[in-house]
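Here are the chains, one letter per residue:
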Amino acid sequence: MKNFWSLLAAYGLGWAIFFGYLLTLLKRLGRLEEKLRRLQAARQVSRPES
Amino acid sequence: MNVLRRAWVICAKELRVEFRTHELTLTTGFFVLLVAGMFSFAFEPSSTEARTLVPGLLWLAFLFAASLMLQFSFLREQTDDTLSALRLAASDPFAILLGKAAANGALLFGIELVFLPVFIVFYNLPLSLLSAPLLGILLAATAGLSLVGSAFSALVARSRMRELLLPLLLLPLLSPVLIAGAEATAEMFDTGSSGGRWWGIVLAFDVTYLAAAWLLADFVVQE
Amino acid sequence: MGRGQRALVAVAAIWLAWAGYAIFIVAPMERTMRELQRIFYIHAASGLVGLIAFFGSFLASVGYLASRQDRWDWLALALVEAGEVFCTVVLVTGPIWARPVWGIWWTWDARLTLTFVLWLLYAGYLMLRRLSEDAARRAMLAAVFNVFAFVDVPLVYFSIRWWRTQHPGPVIAGGPGSGLDPRMWHVFLTVWTGLLLLLLVFVLQRYRVAALEAALEEEELAPMTDRAVREQAS
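Protein chains in written order, with this note's numbering: chain A, 1 to 50; chain B, 1001 to 1223; chain C, 2001 to 2234.
Treat the hints loosely; a few may be bogus.
Here are the in silico distance ranges between beta carbons for each label pair [said to hold, decoys possible]:
#1 B:D1081 with C:E2217: 20 to 30 Å
#2 A:Q44 with C:G2002: 38 to 48 Å
#3 B:S1040 with C:H2167: 16 to 26 Å
#4 B:T1048 with C:W2106: 44 to 54 Å
#5 A:L8 with B:V1118: 51 to 61 Å
#6 C:R2130 with B:D1081: 21 to 31 Å
#7 B:V1009 with C:F2055: 34 to 44 Å
#8 A:R28 with B:S1194: 22 to 32 Å
On the chain A side, residues computed to face chain C include the following (Cβ under 8 Å) [to be verified]:
#9 I17
#10 F19
#11 L23
#12 A41
Note that these hints are calculated values from the structure, not bench results.
Note that the structure is predicted; figures quoted are calculated from it, not measured.
Where a beta carbon is used, it is the ideal one built from N, C-alpha and C, also for glycine.
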């Protein structure tokens, strides 16, 4: 196949960019959800029974 | 029209402030001179090369200078928080924007008028190139870019790194003006044309941003 | 991630796998550039999707300016970021295509130049947000800038096109309406739809990130509001 490496590079890089972005998003989501859960739990503990 | 009168008052005030010290015009003018000189250090064009390169250089120098100068439009209002006073006094954000843009545009156009001959001299071009269409398209472009630049100055007035941010935001947006201006000027230099359809881009730019500024002035000019 | 969103990701993944097959097996071989021309599908489709994303963000910003509701701001941000990702892919695949064909890495081809300017414009949007000190005003400033940026797009498009007709140069071939073989056209549509699904995935997740960050901010302030409420009651 002529220009095999160029084709590979193009699609490889393209998909790397797409996946990379998606992964950073999902990681960020995970961290944020975790943080939110912790904060909400802490607040439940510290809030006096009304 | 009320808006125009208010804008005029603000424009006059801005110009009066500038004429007291001339600090903006002097420093900006100096910058244009610097760019003109540095270009020749970097490229040392022959007189034939200069004829092809100077149109682009002209516009680049003016755009860079403008994107530096326009910062100060709303930046000035940060100290002593004069913007609130201005809003109370003028009560029409569009008038404020228009007034500032007009003042900035006038100052910029003045600088362009002064330095055009300097470019002609530095690169040994015939004085006949200083034609009415050239001045016309410069004026039209300067009007549009002053309007957008002044609006952006308000947007970045309270950001970090605003000195770098304003050019970063403004210059990509101005690429149609740069392309149209440089191409039109090149055509004027080469064939003595009056700018052809490039005028369309510049005028479309002006009209578009006049409308955008009118619609969004309230959001742009806030404390 | 909810069940619906997981389903969407699955659909997108399957569709894109099918598109991959279409690109390499179904699509016919182009006469002059042979295999290399297959880059066209991801290159041009990404460009189109990026443009759609930016248009969407323009609408979202208008929505924010009209309603002042944060969710429009979150949507605008998500669309701009996703758009930038697609633009990046265009700018990366372009040179990889150009190099073997013309021996040059970069060419100021109309589409590539337009994409470059768009990339710069919207990078400005992202930088403006990042550098805004005033969190309360940040959404507003970004929305205004977004509107200004988008109305520039037709101007950029025409000025670059006329510039390129004035000074013709290499054209990175193929684009909607440039006389595409019908089979190629079908493959292109498949890829395009797949990338649109991917855009949807990106935007949904990025939106959630923005919403979560807002919720977190509120949660961090919650102890203070709790205390204030208690002090009020006592």
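Can I17 of chain A be said to touch chain C, with a Cβ gap under 8 Å?
-> It holds, given that the least Cβ distance between I17 of chain A and chain C is near 5 Å, below 8 Å.
So the hint says 34 to 44 Å: do the beta-carbon atoms of V1009 of chain B and F2055 of chain C match that?
-> 39 Å, holds
Evaluate the given range 22 to 32 Å for the C-beta pair formed by R28 of chain A and S1194 of chain B.
-> At roughly 55 Å between Cβ atoms, S1194 of chain B and R28 of chain A fall outside 22 to 32 Å, so the hint is violated.
With 8 Å as the cut and Cβ atoms as the points, is L23 of chain A at the interface with chain C?
-> For L23 of chain A, the interface hint is violated, since the closest Cβ of chain C sits about 10 Å away, which is over 8 Å.
Determine whether the Cβ-Cβ distance between T1048 of chain B and W2106 of chain C falls within the hinted range of 44 to 54 Å.
-> 27 Å, violated
Hint check: is the beta carbon of A41 of chain A less than 8 Å from a beta carbon of chain C?
-> Constraint on A41 of chain A not satisfied, violated at 11 Å.
Could you check the hint for me, namely that L8 of chain A and V1118 of chain B are 51 to 61 Å apart, CB to CB?
-> At 53 Å between Cβs, range holds.
Could you check the hint for me, namely that R2130 of chain C and D1081 of chain B are 21 to 31 Å apart, CB to CB?
-> 25 Å, holds
Answer holds if the nearest beta-carbon of chain C is closer than 8 Å to that of F19 of chain A; otherwise answer violated.
-> 10 Å, violated
Between D1081 of chain B and E2217 of chain C, is the Cβ distance one that fits in 20 to 30 Å?
-> 27 Å, holds
Given the hint of 38 to 48 Å, check if Q44 of chain A and G2002 of chain C actually sit that far apart at their C-beta atoms.
-> Given a distance of about 24 Å, which is not inside 38 to 48 Å, the answer is violated.
H2167 of chain C and S1040 of chain B - C-beta distance against the hinted 16 to 26 Å = Because 24 Å falls inside the window, the suggested range holds.
Checked against the numbered hints above, the structure breaks hints 2, 4, 8, 10, 11 and 12 and satisfies the rest.
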